[in-house]
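Participant: So you can see what is in the structure, the chains are spelled out below.
Protein chains: 2
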Amino acid sequence: MELIRGRIAGRSLTSGDRLPSIRSLAGSLQLSASTIVEAYERLVAEGVIVSRPGSGFYVAGPLAPLSMAEIGPRLDRAVDPFWVSRQSLAAEGAVLKPGCGWLPADWMPQSGLRRALRHLARADDADLADYGTPLGLPPLRQLLARRMAERGIDAAPERILLTESGTQAIDLLCRLLIEPGDTVLVDDPCYFNFHALLRAHRARIVGVPYTPHGPDVERFGAALAEHRPRLYITNSALQNPTGAVLSPVVAHRILKLADQAALTIIEDDIFADFEHTPAPRLAAFDGLERVVHIGSFSKTLSASARCGFIAARGEWIEALVDLKIATSFGGGRLGAELVYGVLRDGGYRKHMDGLRQRLARARTEVGARLKQLGIVPWVEPQAGMFLWCRLPDDLDAADIAREALGQNIVLAPGNVFSLSQSARGFMRFNAAQSLDDRLFDVLWAVMHR
Amino acid sequence: MELIRGRIAGRSLTSGDRLPSIRSLAGSLQLSASTIVEAYERLVAEGVIVSRPGSGFYVAGPLAPLSMAEIGPRLDRAVDPFWVSRQSLAAEGAVLKPGCGWLPADWMPQSGLRRALRHLARADDADLADYGTPLGLPPLRQLLARRMAERGIDAAPERILLTESGTQAIDLLCRLLIEPGDTVLVDDPCYFNFHALLRAHRARIVGVPYTPHGPDVERFGAALAEHRPRLYITNSALQNPTGAVLSPVVAHRILKLADQAALTIIEDDIFADFEHTPAPRLAAFDGLERVVHIGSFSKTLSASARCGFIAARGEWIEALVDLKIATSFGGGRLGAELVYGVLRDGGYRKHMDGLRQRLARARTEVGARLKQLGIVPWVEPQAGMFLWCRLPDDLDAADIAREALGQNIVLAPGNVFSLSQSARGFMRFNAAQSLDDRLFDVLWAVMHR
Numbered sequence: 044m045e046l047i048r049g050r051i052a053g054r055s056l057t058s059g060d061r062l063p064s065i066r067s068l069a070g071s072l073q074l075s076a077s078t079i080v081e082a083y084e085r086l087v088a089e090g091v092i093v094s095r096p097g098s099g100f101y102v103a104g105p106l107a108p109l110s111m112a113e114i115g116p117r118l119d120r121a122v123d124p125f126w127v128s129r130q131s132l133a134a135e136g137a138v139l140k141p142g143c144g145w146l147p148a149d150w151m152p153q154s155g156l157r158r159a160l161r162h163l164a165r166a167d168d169a170d171l172a173d174y175g176t177p178l179g180l181p182p183l184r185q186l187l188a189r190r191m192a193e194r195g196i197d198a199a200p201e202r203i204l205l206t207e208s209g210t211q212a213i214d215l216l217c218r219l220l221i222e223p224g225d226t227v228l229v230d231d232p233c234y235f236n237f238h239a240l241l242r243a244h245r246a247r248i249v250g251v252p253y254t255p256h257g258p259d260v261e262r263f264g265a266a267l268a269e270h271r272p273r274l275y276i277t278n279s280a281l282q283n284p285t286g287a288v289l290s291p292v293v294a295h296r297i298l299k300l301a302d303q304a305a306l307t308i309i310e311d312d313i314f315a316d317f318e319h320t321p322a323p324r325l326a327a328f329d330g331l332e333r334v335v336h337i338g339s340f341s342k343t344l345s346a347s348a349r350c351g352f353i354a355a356r357g358e359w360i361e362a363l364v365d366l367k368i369a370t371s372f373g374g375g376r377l378g379a380e381l382v383y384g385v386l387r388d389g390g391y392r393k394h395m396d397g398l399r400q401r402l403a404r405a406r407t408e409v410g411a412r413l414k415q416l417g418i419v420p421w422v423e424p425q426a427g428m429f430l431w432c433r434l435p436d437d438l439d440a441a442d443i444a445r446e447a448l449g450q451n452i453v454l455a456p457g458n459v460f461s462l463s464q465s466a467r468g469f470m471r472f473n474a475a476q477s478l479d480d481r482l483f484d485v486l487w488a489v490m491h492r
Numbered sequence: 044m045e046l047i048r049g050r051i052a053g054r055s056l057t058s059g060d061r062l063p064s065i066r067s068l069a070g071s072l073q074l075s076a077s078t079i080v081e082a083y084e085r086l087v088a089e090g091v092i093v094s095r096p097g098s099g100f101y102v103a104g105p106l107a108p109l110s111m112a113e114i115g116p117r118l119d120r121a122v123d124p125f126w127v128s129r130q131s132l133a134a135e136g137a138v139l140k141p142g143c144g145w146l147p148a149d150w151m152p153q154s155g156l157r158r159a160l161r162h163l164a165r166a167d168d169a170d171l172a173d174y175g176t177p178l179g180l181p182p183l184r185q186l187l188a189r190r191m192a193e194r195g196i197d198a199a200p201e202r203i204l205l206t207e208s209g210t211q212a213i214d215l216l217c218r219l220l221i222e223p224g225d226t227v228l229v230d231d232p233c234y235f236n237f238h239a240l241l242r243a244h245r246a247r248i249v250g251v252p253y254t255p256h257g258p259d260v261e262r263f264g265a266a267l268a269e270h271r272p273r274l275y276i277t278n279s280a281l282q283n284p285t286g287a288v289l290s291p292v293v294a295h296r297i298l299k300l301a302d303q304a305a306l307t308i309i310e311d312d313i314f315a316d317f318e319h320t321p322a323p324r325l326a327a328f329d330g331l332e333r334v335v336h337i338g339s340f341s342k343t344l345s346a347s348a349r350c351g352f353i354a355a356r357g358e359w360i361e362a363l364v365d366l367k368i369a370t371s372f373g374g375g376r377l378g379a380e381l382v383y384g385v386l387r388d389g390g391y392r393k394h395m396d397g398l399r400q401r402l403a404r405a406r407t408e409v410g411a412r413l414k415q416l417g418i419v420p421w422v423e424p425q426a427g428m429f430l431w432c433r434l435p436d437d438l439d440a441a442d443i444a445r446e447a448l449g450q451n452i453v454l455a456p457g458n459v460f461s462l463s464q465s466a467r468g469f470m471r472f473n474a475a476q477s478l479d480d481r482l483f484d485v486l487w488a489v490m491h492r
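So the protein sequences, as listed, match chains A and B.
Note that my numbering has the first sequence beginning at 44, numbered continuously upward.
Note that my numbering has the second sequence beginning at 44, numbered continuously upward.
One should not assume that every hint holds.
[To be verified] From the structure, some residues in chain B lie toward chain A, with a derived Cβ separation under 10 Å: (1) Asp149; (2) Leu156; (3) Glu193; (4) Gly209.
Hints listed in this document are in silico derivations from the structure and should not be mistaken for laboratory results.
From the three backbone atoms N, C-alpha and C, an ideal C-beta is built for every residue, glycine too.
Can you build the whole structure from these sequences, using the hints too?
Facilitator: This is the structure:
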């Protein structure tokens, strides 16, 4: 196969040319005819050649352009909410990504994933080919119900809906709960893709400053009174990007204010497994009346096998199922099967114990090296990937990030996270993606230009 | 594990109870202590029991309700665009689904899927854990470009975007191209989930009657003039539900009308691999100027491993990538890897050859048995799953369907497909799901009640 592909790429065979007959190629390569037949069959399946019965095999045309690479990091892209995601998702091997929000692939539970895939290869026909049921794989919802119960959240499996991802979970909720022009509260700073998603919904976005213990309660109350938002979207466990943790007293006050203002809160729990000690969950205090609890396993298990979930009031679950079917028909059953397979495998718990320790060491090491450059964290993170740091000397993080991109490093400048654009001097570093010496060399050079 | 689960289900162990110690259970079951340890570890991972270090293992609480079954077919559900999908997706083993729109799991390329899963278990770490690139797996897009080229559609890989499914593809396009209140044309009758999706987008939906050769050209022109729609959504290859095939002359006329009216057409190609001989593709005539070509592998490869695609103008692809990231972040990489693995395997082509023959036999057999009941097809389908049939004696298909549901058979009554509700006497039968004698016994009984 490689021989034929090579001849096509080198244009010694071009579209319309007839390939050597099976017998003659078998003879010249000293291989069996059946080997050549198999190779030709596979090339037909790939569309590289076509079979004309009675006549032979021919090179298909027109040919693909010689370069097929994904569009890599672009120097001219505006520093907007897509800046980090587009650059990071397209980045190839040599590009460093200290600004991205996920772990390197080899930090994820690879042996558990591979074991689950092998197990799936022996599963029932239905598991491999059928659409998912409306709510999604029952044993996974049962497992999620128990995990939530451990964090004090009372959600029966029938009140849990599986989704394709955490982002799709929030997107479905926005489709259900808000209209264009409705106001939505977010933290400032917050995860940049919340901005992108809410813009896609034409929401009016209002930011509430985040403190080391949760949103600023006074500013939260003022925002409720002035803007009458429909929704508030926030993280639980660990705030993205600051790494700060909600305190119980702030949680309680926020919920009281939400109650008075008939505000719905979406609590995004995707960082749950990074915690050493569990932070308060708004859904635990509130009992899923006013709070919707969502999550996924993209950060700790796999971003390749997609699976997220929503835990909410029963009436909303029913409406969300209809919306999910209307906009994506069945859910991704295989992703749910894979996630369930890894979660129920005893090895995942051990893996996460090891991962939390590995991350703690990385945060320590990266934190120390950043401090040497005068880059200091806003709060000392107790868990997770992120170091939210202030740059020294009034440096502009967006300028630094543009310079670094020219040297194949994707950084996350503070203002992509801040609605009020008040994080000009901040940068979010992913400790697990910041362990390469080159990062610190480039940072030093760029900061002293 | 089953022993412990059984005791909990039977309530001989309840929440808070301490489990037997590892050593004592090993002794009483005559198993090694390490087997018991492994079992307890897995039960902890599932959340069924909790470990209290130094104290032992305890049953977790509160317990799940004893019945966890998905909500099965509901007799009181309104016969609306979700009637068939909700009932079919939730149906369990004993329920027959002649009304559903997919093949039985054992008709799908199971050995290819299993082979691809085993192969994936040995893939790179990145394939198993990382987010997909913005456009999606490059070799799959290249393969799709070649497949489209075989049907005369000129789409470079960079103009192809992978999505989670065909439905998500259309949903993304609607998010990009239409506003609430915009008018969208559909065929009458058409796939019921187009109705559900367009309602979710608050579109005004206008139906154009379908003829055995494509949409009624005069009525199409009249609808353009009267309603000035933004979009027209239709199938290529085989129309759902009628099984009719677009003729070249109708295709050409529709495109001329579309051009004069600045109409965008979305052509849904999900039934492509069912064709024996290729029907015209609007995207082939038009060159992706006005036509967007979408598809997926849910019908012929797997509905469990989700993967769809959009081929469109370059500017739209760029905007669609941003929309995809905003609303679902990365795409499902594993689904794409699996689909690619099966497609490039020489066995898929052979499988599809066999499947088409198997379906042809099923259509013949089912068609004959339906004719015995006086149920006759509107057109004789040349390919695919569907038999779109008229009931005799002015029977109402919705009444028949409700009666059949009481006997655990999910049918597809005509009016769920028809915007104008002009298909009261029609039923769509999926030949592959209609091979059970019980269906015909129940149909006879219900029709003669």
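Participant: Is the hint on Asp149 (chain B) kept, meaning its closest Cβ partner in chain A is under 10 Å away?
Facilitator: 5 Å, holds
Participant: Holds or violated: Gly209 (chain B) as interface residue toward chain A, Cβ cutoff 10 Å?
Facilitator: At about 8 Å, which falls below the 10 Å cut-off, the nearest Cβ of chain A leaves the hint on Gly209 (chain B) intact, so it holds.
Participant: For the hint on Glu193 (chain B), does the least C-beta distance to chain A fall short of 10 Å?
Facilitator: 7 Å, holds
Participant: Report holds or violated for the interface hint on Leu156 (chain B), using the least CB-CB distance to chain A and a cut-off of 10 Å.
Facilitator: Holds - the Cβ of Leu156 (chain B) comes within 10 Å of chain A, reaching about 5 Å at its closest.
When each numbered hint is compared with the structure, no violation occurs for any of them.
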